[in-house]
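S.K.: Given next are the chains, with one letter for each unit.
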Amino acid sequence: MVSHKMNNFGFKISQGRQIDYDSNDRRIANYIYEREPSFRLCIECGGCSATCTTGNHTKFSLRELHILIKRGENKSVRQDLKKCMLCGKCTMVCPRGVNTRNVVILAKQAFQKSDEYAI
Amino acid sequence: MQFDPFVIPFNIGLYFILIYVVARSILWFRDLSKPDKLRLQRGFFGNAFALSLKEIFMESLIHRKILKTNLRLGYMHMSLAFGWFLLIFFGTIEADIFGVKHLNAPYKAIFFRFFHPDHGRMGFEAAYGFLMDLILAFILSGLLLAVIKRFYSKIVGMKKTTRLKLTDRIALTSLWLIFPSRLLAESFTSGAYGTGSFLTGSLGNWLATFLPAQQLAYPFWWLYSISLGTFFILLPITRYMHIPTELFLIFMRNSGIKTGDKAGTYTEVQTYSCSSCGICIDACQLNFSAGITNIQSAYLMKAIRNNDDVSEIAHNCLMCGRCDQKCPVGIELSPIRMIQRREGEAENDIRNIYKGYFRSRQTVISEKSPASVNYNFLRGNDPAKADILYFAGCMTHLTPTIKNSMIKILDASGVNYSFIDEQGGVCCGRPLMLAGQDKEARELINFNSQMIWKSGARTLVTSCPICYKIFKESYYLDVEVLHHTQFIKTLIDDGLVKLNFLRKKVVYHSPCDLGRGSLVYDEPKEVLRHVSKLESSNFEDGNSLCCGGSLANTKISYADKKKIACDAAMELTRNSPDILATACPLCKKTFSAATNTRVADISEIVAEALILNPVKKNSTIHVASLKELANI
Amino acid sequence: MKKHVVVIGGGVAGLEVAGQLSHSGIEVSLIEKESKTGGHLNNWYKLFPDRRKSSEVKEYLDRLSQNQGISLLTNTTIEGFHRNRNKFLITTNKGKELNADAVIVATGFDLFKSARKEEYGYGIYDNVITSADLEEKFRREEIVLVNGSVPETIGIIHCVGSRDEKVGNFYCSKLCCVTAVKQAIEIREQLPESKVFCFYMDMRMGGAFYEELYREAQEKWGVNFIRGKVSEASETIDDKLTIKVEDTLAGRPLKMKLDMLVLMAGMEMSDGGKKIAGIGGLRTGENRFFAATDNHTSSNKSNIEGVFYAGTCTAPMNITETISHARSAVLEVIDFLKDGKS
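Residue numbers (our numbering), protein chains in the order written: chain E, 1 to 119; chain V, 1001 to 1632; chain A, 2001 to 2342.
Derived by calculation from the structure, the hints in this document are not laboratory data. Among the hints, a few may not be true.
Label-pair restraints from in silico Cβ distances [stated by the list, open to error]:
id: 1; chain 1: V; residue 1: N1613; chain 2: A; residue 2: L2249; range: 46 to 52 angstroms
id: 2; chain 1: E; residue 1: R17; chain 2: A; residue 2: D2133; range: 54 to 60 angstroms
id: 3; chain 1: V; residue 1: V1373; chain 2: A; residue 2: G2285; range: 47 to 53 angstroms
id: 4; chain 1: A; residue 1: G2206; chain 2: V; residue 2: T1293; range: 42 to 48 angstroms
id: 5; chain 1: V; residue 1: L1612; chain 2: E; residue 2: R17; range: 57 to 63 angstroms
Within a straight-line C-alpha distance of at most 16 angstroms, the following computed EDC-like cross-link-like pairs (lysine to aspartate or glutamate) qualify [said to hold, decoys possible]:
id: 6; chain 1: A; residue 1: K2166; chain 2: V; residue 2: E1443
id: 7; chain 1: E; residue 1: K82; chain 2: V; residue 2: E1443
id: 8; chain 1: A; residue 1: K2338; chain 2: A; residue 2: D2062
id: 9; chain 1: E; residue 1: K59; chain 2: A; residue 2: D2247
id: 10; chain 1: V; residue 1: K1408; chain 2: A; residue 2: E2165
id: 11; chain 1: V; residue 1: K1562; chain 2: A; residue 2: D2247
id: 12; chain 1: E; residue 1: K82; chain 2: V; residue 2: D1438
id: 13; chain 1: A; residue 1: K2166; chain 2: A; residue 2: E2136
id: 14; chain 1: V; residue 1: K1555; chain 2: E; residue 2: E34
id: 15; chain 1: E; residue 1: K75; chain 2: E; residue 2: E44
id: 16; chain 1: A; residue 1: K2046; chain 2: A; residue 2: E2056
id: 17; chain 1: A; residue 1: K2087; chain 2: A; residue 2: D2101
Computed, partial: chain E to chain V, Cβ under 7 angstroms [claimed, not checked]:
id: 18; residue: Q18
id: 19; residue: I19
id: 20; residue: R96
id: 21; residue: G97
id: 22; residue: A110
Where is the CB? At the ideal position from N, CA and C, for every residue including glycine.
Model the full assembly from the supplied sequences, consistent with the hints where possible.
M.R.: So, in structure tokens, the structure goes:
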């Protein structure tokens, strides 16, 4: 029997900041992986965010949204995704050939279809 | 006795299809919007009526457009359609003239030879029999082509032939059986009686030498009747519904009815008018460059008719418009595909009841997402006031030579302009529309329209055909919208720029959204002719190729896009031009990666050819010293 | 009878191969398309990792290849390449015909033509230069802008033409990262008042003393490193350059004005090599470089017996590796010539 005393060292590990990889919900990421295999190629170089039309006007980083989706940190992503204008500059710039525009479209679809995140 | 049980299948089929077509037409008419109803009513009188009749003759029967595109395919369609029409027409007259009484039931005309086996031995009767045999031979020649095409499509010059489902196959088989069974039925009857003309008579006589013609004739008359009946009964749920529907479509189109943004009667009539001829498949670059063969317009129409889920097919398309251009029936293929892309936009859901015989429109409470505002973070400063606004567009920022060339030209022309998105602007909204997100696009449209209006400009010049198309079609602006090639043309015409002539061979690639999409074919070419040696290519104007870089296709892989780009570039640079000229930053980027020939936008070529004015010395300036003089 | 080997290409690999072959008593014809040998080595000023002068390496190669047994044919290209039983017939553009017992292809690489990345503005904006252009400036000890003034802020963009699906080069050119670090140090050395920024996707320091050079750049020379792929460059009103980049590690877009932009151009298969691949029937890989028969155990052998590769015509490699690869090619050739098969 593992004693619950083991957890009470006195230090509080800040759970909120951690990416709890095991329990994170990566269904959105999987939805996108299935339909857009090039999503796996992203190396987070940030070229997409650099050229982004929306990024010129407001806080919006496609690279950050990509990585959050991949890690399963979905909560903040849905609202931010709406800001994308689908202009396609990111796709034109991506050195890995990720179809970033389709990733956004699929992500929005996935969020809409999932009960937790649907608006 | 002018009746026999074998005619019953035919009668059932015929009366069924006639009643069905009338009932369907009434339902279609009922479902039209009020303005469209008025249009259609007016379309039945005057010029439109005559035009429709002419088109029915030239297209539905003769299939002139298909003949022009593909002679063998056109002949095949024509022989079946026109031939059958002639057979019915002349057959009815035959029954009237030579029959027992005038105005007979239809079956008497179709089965004339059965009821008048002794007819046609000499004189006028024989001549008439010759005519009927000739028409039958005409149909059979086309039928032979059709049968071979099903198995070996190259014989009609088609690379692929449309795939069929089960009911289609049964209907196809019964269609194919109709005329051979007529041939054999008539031949056996002629053989037994010694009548018939060059085809049925000769065949009949030959068969009679070794077969019991009298007995074999009867089963073949049954077969003839059953195949006709089956065909008529299955017609409404197969692609052959296009036969009656096309007539309705022609009247609607000539009355001025258009597809619009939402699904409705006209879209339904159009989807049924598709004869699956396959010309759109042949024209599609996804097919011949990338080997993708399940998403072309013919398949989309079929999927819509069958109420299949079309989202995969609808989005896998470059929206280049080549199929629209070539469709012999004149179906507005791209607008229909756009409607499919707008998920949840249709207020009505079409449900199939009675397994496809009737599609009933039932109002479905669409799950409208609450009006979410997506782009309220956009803030615009009051833009600088100017006569002319230059809107480069998102993509142009990734091809700075275009941007810089336009600045050079605008500066040289001396016009009062403002480069409104120099620091990067807001997307025009068309990429959102192409993805089917009209509501979101409307937000961007409103924002940009405000900016344009505030600047007080009278003219809006843009470098990107994608932006150009949406400015012209969906912005409802008060200003004159010009693509930069049109603008440069006005500068040349007004003498505001002086240009050298560059001794370079140039081939022009017409961008999809500018050419077929906006019908701007001439100005770019005229500008090019002014500064270079413009050469023609096999793919010009309406027939131009798509570079493959289109934003409209979200499903295609990069490898396939590359194939399309390389094939198109190879075609255009066939005669080794010095420059491959484009008028679109996306085309420029796509082609630059696909060919070694220099790819340049028209604005670049013009900027190279610009004769810049030397600085004029104003001799009336007072100079305070020699030093100042040296500095002028 | 002395064996005769034709070496195509007079760069680092070609000179090393020619010299070593000649030392072993083999007659060599060295074919070079330019008017002098040395290839790209002539363009570099100082070499990483120790920043020694390239002229020293050139002198070594010249000494090695100054041998009676080597006939040097400059301003010469190959027009014909035929195999005749176990001999090769090579025709030059000057009409000369050479009979060879074996051939070594050392055609090297071409630098990626940076004008193809239109969004970086090479050839469009003033003061956007490539790494090769910068070496020239180092040689002349004159790092100046087009208008003659001295730049204060200099940006270096990694991976131009490499790791880029958009220009068709999926591979990494291996040497540009360490070149960038070396050049950053050299700029800081020559212009102590300058600020240098390297914009990278990754820092690939895969060689002896490369990582140490990276440390030195940060610690001693104050070079700044920003992780983010630059998407485009443009000119400002005051004739400076500005770039669009996301500082991915900070997670925010970054704004900066630069006086000069240096593009780290990658390595591509040379045009000369492509031509020889075509006329000789030599196989190339997906990266368009020559494909050796085995990546591990015979990286010098081509798909044609008697034709061998040396140097960067097979893959991006530094000078150390090029010389090693050249020597292993020599070993293969000598082996081949002994018993007529490889």
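S.K.: Quick one, is the E:Q18 hint okay against chain V at 7 angstroms, beta carbons?
M.R.: The hint is violated - E:Q18 has no Cβ within 7 angstroms of chain V, the shortest such distance being about 30 angstroms.
S.K.: Is the hint on E:I19 kept, meaning its closest Cβ partner in chain V is under 7 angstroms away?
M.R.: 27 angstroms, violated
S.K.: Are the Cα atoms of V:K1562 and A:D2247 separated by 16 angstroms or less?
M.R.: Between V:K1562 and A:D2247 the Cα gap is close to 31 angstroms, so the pair fails against 16 angstroms, i.e. violated.
S.K.: Between E:R17 and A:D2133, is the Cβ distance one that fits in 54 to 60 angstroms?
M.R.: 46 angstroms, violated
S.K.: Holds or violated: A:K2338 with A:D2062, Cα cutoff 16 angstroms?
M.R.: Given pair A:K2338, A:D2062 is violated - Cα atoms ~27 angstroms apart, limit 16 angstroms.
S.K.: Below or equal to 16 angstroms on CA atoms is what counts here, so check V:K1408 against A:E2165.
M.R.: 32 angstroms, violated
S.K.: Going straight from one Cα to the other, do A:K2166 and V:E1443 come out at no more than 16 angstroms?
M.R.: Violated - the C-alpha atoms of V:E1443 and A:K2166 are around 32 angstroms apart, more than 16 angstroms.
S.K.: Check whether the Cα positions of E:K82 and V:D1438 lie no farther apart than 16 angstroms.
M.R.: Judged against 16 angstroms, a Cα distance of about 14 angstroms means the pair holds.
S.K.: Between V:V1373 and A:G2285, is the Cβ distance one that fits in 47 to 53 angstroms?
M.R.: 52 angstroms, holds
S.K.: CA of E:K82 to CA of V:E1443, is that 16 angstroms or under?
M.R.: 12 angstroms, holds
S.K.: Hinted pair, alpha-carbon criterion (16 angstroms max): E:K75, E:E44. Please report holds or violated.
M.R.: Between E:K75 and E:E44 the Cα gap is close to 20 angstroms, so the pair fails against 16 angstroms, i.e. violated.
S.K.: Would the hint linking A:K2046 and A:E2056 be met if the CA-CA limit is 16 angstroms?
M.R.: Answer holds: A:K2046 to A:E2056 is near 10 angstroms, not above 16 angstroms.
Taken one by one, the earlier hints fail for this structure at numbers 2, 6, 8, 10, 11, 13, 15, 18, 19, 20, 22, listed in ascending order.
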